[in-house]
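Colleague: Sequence order for the protein chains is A and B.
The numbering used here numbers the first residue of the first sequence as 43 and each following residue consecutively.
The numbering used here numbers the first residue of the second sequence as 2 and each following residue consecutively.
Careful: at least some of the hints might be erroneous.
[Said to hold, decoys possible] Quick list of simulated restraints, FRET-style, between CB atoms:
#, chain 1, residue 1, chain 2, residue 2, range
1, B, L144, A, E333, 52 to 58 angstroms
2, A, L504, B, P147, 47 to 53 angstroms
3, B, P147, A, A239, 15 to 21 angstroms
4, B, L96, A, N450, 17 to 23 angstroms
5, B, A139, A, K424, 40 to 46 angstroms
6, B, P29, A, N472, 33 to 39 angstroms
7, B, G26, A, F65, 52 to 58 angstroms
[Said to hold, decoys possible] Derived DMTMM-like pairs: lysine to aspartate or glutamate, alpha-carbon spacing no greater than 25 angstroms straight-line:
#, chain 1, residue 1, chain 2, residue 2
8, B, K142, A, D57
9, B, K34, A, E240
10, B, K145, A, E491
11, B, K34, A, E509
12, B, K34, A, E491
Everything labelled a hint here was simulated from the structure, so no lab data went into it.
Even for Gly, the Cβ is constructed at its ideal location relative to N, Cα and C.
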Amino acid sequence: MTLAVLSQALSLVLDPYVLWVVFASAAFGLFVGAIPGLTATMATALLVPVTFFMPPVPAIAAIVTATAMAIFAGDIPSCLLRMPGTAASAAYTDEAYAMTKKGHGEMALGAGLVFSAVGGLFGTAVLITAAPALAEVALKFSSFEYFWLVVLGLSSAVFLTFGSPLKGVVSLLLGLLVAAVGLDNPAAFPRFTFGNAELSGGLTLIPIMIGMFAVSEILRNVAAMEQPWEMAQARIGNVFTGMWRLAKRYPLGILRGSALGTAIGALPGAGADIAAWMSYAISKKFSKEPEKFGTGHVEGIVEAGASNNSALAGAWIPSLVFGIPGDSITAIVIGVLYIKGLNPGPTVFMEKAPEMYAIFFIFIIANLLMLPLGVAAIKGAKQLLRAPRELLMPVILLFCIVGSFAINNSLFGVVLMLVFGLLAYVMEENGFPVAPAILGMVLGAMLEEHFISSMIKSDGRLLGFFERPIAGALGGLALLVIAWPLVRAWLERKGGKP
Amino acid sequence: MKINDALSGAALVALGAAVLWHIQGFPPMPGQKFGPAWFPGLIAAGLIACGALLAATRLRAATRDPLLALPAWARRARPLASLAAVVVGLVVYVLAVDTLGFHITAVALLIVWSRLLGAAWRFALPVAGGATGIIHLAFYKLLKVPLPWGLLKGVVF
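Turn these sequences into a full structure, and let the hints guide you.
Modeller: This is how it looks when you write it as C-alpha cells:
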C-alpha cells in the first residue's frame, strides 16, 4: 500500500456524490433496521437495483453503510418492542427488553449503539490488515484450495446454525440446482433451459434475492399485520451516560465479542446473527455474574452487540479475497462487485487498490457516523416505529417489482422474484433455512468448476484433494464443520445438558 | 402454511427423480469422465436421499400431523386476503403492465394493497400517487429504466 494509492482512495471517498450516497443510505439503513420485519439483508437486496446505476465506489459504499446502520438499528425495537429489528439482534432481544422494563432503556440502547460502533471498527481494522495479507497467500491457491473453501462456506451455512441440519442440506441442494441452470458450466452445455433464451444465461440472482429476502418478509408481515406495536418506554434520555464505565468494566468482553464476531463473520457462510448468539452465550459462560443474564443485565448486550457489527466487516474478508461470501449480505455484494468490474479475488488488491482502500475508508466512516445518526434514530424511535406498515409494505413491494424489472429490463425478473419469494416464505414457515440456498446459488458454479478441474488434475483420486498443505488443512476444517452436529450431539449426551 | 415433512420429503424425492431423468439426455464430455450431467446428477441424488430421510423421520415419529396445516391467522379473513392480494397483485402486474402501462398498474395495485391492509382512503390515495411518481422520477427519469407507458402512451407523447 503506497501513499499514492491512499490519496487516490481518499479522493474517491471524499467526492460529494459519494458522501451524499453514504448519508442517504445511512438513513435508509437505520429506517429498515429499526422496523421489525425489515432486515439488513433486505436493505441490501433493495439497494442493489439502485446501486446498479452508480459508479463502483458509491455503489459499494451504499451497501456498506446501510448494512452497518441496519444491524445496529435492529437493537432499537429489541429494547422498545421486544421484537428484533434484524435477525442479528435476536440473541439479546429479551435481555434488552428486560432492561427497558427495569427503566434502563437508555443504557440498553446506548450499549447497543456504542459497542456496535466499537465492534464495527475492530472488524474493519482486521479487514484492512488481513484481507490484503490473505490475498498474498491466496495468489498461490489452486483449484484444490478453492474447492475446499467453497465446501467450507457451504457447510458452515448448513451446519453452524440452530435449525435442522437435514433441512439446511435440502435448502443448499435447491440453491445448487438453481445455480446449475444455464450455460455456465465447464461443458458450456445448456442445462435445464428447455429452449428458453431467458434461462440460457442462468437465473439472474438479484431478482431471486429480492424475492427471497424482501418479498418473503412482506408476506410474513402482511399475515401478521393485526397486532399493533406497543412501546415499553416512550421518552429516551441521554444514551451515552455510563458508557465509559461499561467499557472499563467489560474490556475483555468487548474484545472477545469483537474478535469472535470478526472470526465468525470471516468464516465463509456464517454471519452476524450466529456471531451474536455465540457471543451472548460465551459472555454468559465467562461472566462473574451469570445468574443475572436474562433479567435485564447489560454485559451480554455489550459483548454480542460488538460481535454482530464486527461480523459484518469480517464477512467481507473471504468475499473480497476469494469471492466466497461470509454471510447472506455479502452473497448479494459479490454479485454487485462483479457487475461493477471489481471482480473479487486475490488480484483485486493490486489491480483495483484505490477502490479497495476506498471501501475500507467507507467502513471507518460508516462506523463513526453510526454514533450521531444512531442517536438521532433512537430519539426518533417513537415516530420511526409508528411508520404505517399498511402503507409501507405496498410501497416496498412496488419498489421490489421495479427493482427486479430494472436488472435486465425484463418482466421475467418479476416472475422470478414472485416464485422465489413464495418459495422462501413456504420454506421458512416449515423450518428450512434460506441462507444455504442463497450460498448454493452464488457458489454453485465455482464449486463445480473447481471440483472438476481438481479431479482432472488429481486424475480422479479423492486423496489428491488433501495433498497440498493448505488444501489439506482447509479440507480437514470443512470435514470438521460437517461432523459438527454429530460432535455436538455426542457432547450433549456426555454432558447431560445442552 | 405448514407442510408435513413426509409430504415435502416426497416432493423432494420426486424433484430429484425428475432431474435424474432429465439429465439422461445430456451429452458426455469427449475424453472426460465428468460431463455436464455429473454435477446435477449429484444434486439430484442428494435431493432424493434427503427427501427420503426427511419423510422417514416424520413417518417414524409417534405423533401424526396432518399433511397440510394452516396457521391460526389463516382462519381469519383479513390476513388471508392480504396474503392473497400480494401474490395475485404480483401476477396481475406481470400480465397487465405492458397493456395498462406501469403508472396505471402501480397506482391501482398500491391502492388495493394499502386498503386491504387497513389504510384509510385519505392516506391510500396520495401515497399511491406519490410513490408511483417518485419511482417514475427515480427509475424512469434518472436511471433510464424503460417502464412501459401502455395506455398512457398516446396521452403523454
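Colleague: Decide, hint by hint, whether the structure agrees.
Modeller: Okay, the hints, checked on the actual structure:
For the pair L144 of chain B and E333 of chain A, the supplied restraint of 52 to 58 angstroms holds, since their beta-carbon distance comes to about 56 angstroms. Separated by about 51 angstroms at the C-beta atoms, L504 of chain A and P147 of chain B satisfy the suggested range of 47 to 53 angstroms. Between P147 of chain B and A239 of chain A the Cβ separation comes to about 19 angstroms, which falls inside the hinted range of 15 to 21 angstroms. L96 of chain B and N450 of chain A have their C-beta atoms about 19 angstroms apart, which keeps the hinted 17 to 23 angstroms range intact.
Taking 40 to 46 angstroms as the suggested C-beta distance range, the pair A139 of chain B and K424 of chain A does not conform, at roughly 29 angstroms. At roughly 38 angstroms, the beta-carbon separation of P29 of chain B and N472 of chain A lies within the given 33 to 39 angstroms, and the hint holds. Distance hint for G26 of chain B and F65 of chain A: a CB-CB separation of about 55 angstroms, consistent with the stated range 52 to 58 angstroms. For the proposed pair K142 of chain B and D57 of chain A, the alpha carbon gap of about 23 angstroms is at most 25 angstroms, so the pair holds.
Annotation: proposed proximity of K34 of chain B to E240 of chain A is violated, straight-line Cα distance about 29 angstroms (limit 25 angstroms). A hinted pair counts as satisfied when its Cα atoms are at most 25 angstroms apart, and K145 of chain B with E491 of chain A does not qualify at roughly 36 angstroms. A hinted pair counts as satisfied when its Cα atoms are at most 25 angstroms apart, and K34 of chain B with E509 of chain A qualifies at roughly 22 angstroms. Only pairs whose Cα atoms come within 25 angstroms are accepted, and K34 of chain B paired with E491 of chain A is accepted, the gap being roughly 14 angstroms.
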